[in-house]
Amino acid sequence: MKLCSLGFRVKFITAAGLAIALHEAQELKKLGRVQQQLAKTNLLILDELSYVSFNQAHAQSLFQVLSEHTERGSVLITTNLEFSKWTISSVIRC
1 MKLCSLGFRV KFITAAGLAI ALHEAQELKK LGRVQQQLAK TNLLILDELS
51 YVSFNQAHAQ SLFQVLSEHT ERGSVLITTN LEFSKWTISS VIRC
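For the sequence shown, full-length UniProt numbering gives the first residue as 1, with consecutive numbering after it.
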């Protein structure tokens, strides 16, 4: 909340919510627009990572967004799982 009051752009979303939003945007051919909106944020807070397994396409889209965002802004990931148990898909493990 403090960052918001200081004028920073913050986006809070669950990992599953982001994966679904990216998939829907891709199907509607609006993925670029969603990626541009995410790129405008200073901080992306991704909640509940690893509670849901993603298929390969969702995992790759999620990984791409996180990778691109860390080059321009900050990413905060929340989970109750210890790091060794993080998994995004059977293909991408942390």
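Among the hints, erroneous ones may be present.
Said to hold, decoys possible - Here are the computed lysine-lysine pairs in the BS3-like style, where the Cα-Cα straight-line distance is at most 27 Å:
# : residue 1 : residue 2
1 : Lys30     : Lys40
2 : Lys40     : Lys2
3 : Lys11     : Lys40
4 : Lys30     : Lys2
5 : Lys29     : Lys40
6 : Lys11     : Lys30
7 : Lys11     : Lys85
Worth flagging that the hints you see were computed from the coordinates, not collected in a lab. All figures in this text were calculated on a predicted structure; none of them were measured in a lab.
Margin query: Tell me the numbers of any earlier hints that the structure contravenes, in ascending order.
Written below: Result: hint 4 breaks, nothing else.
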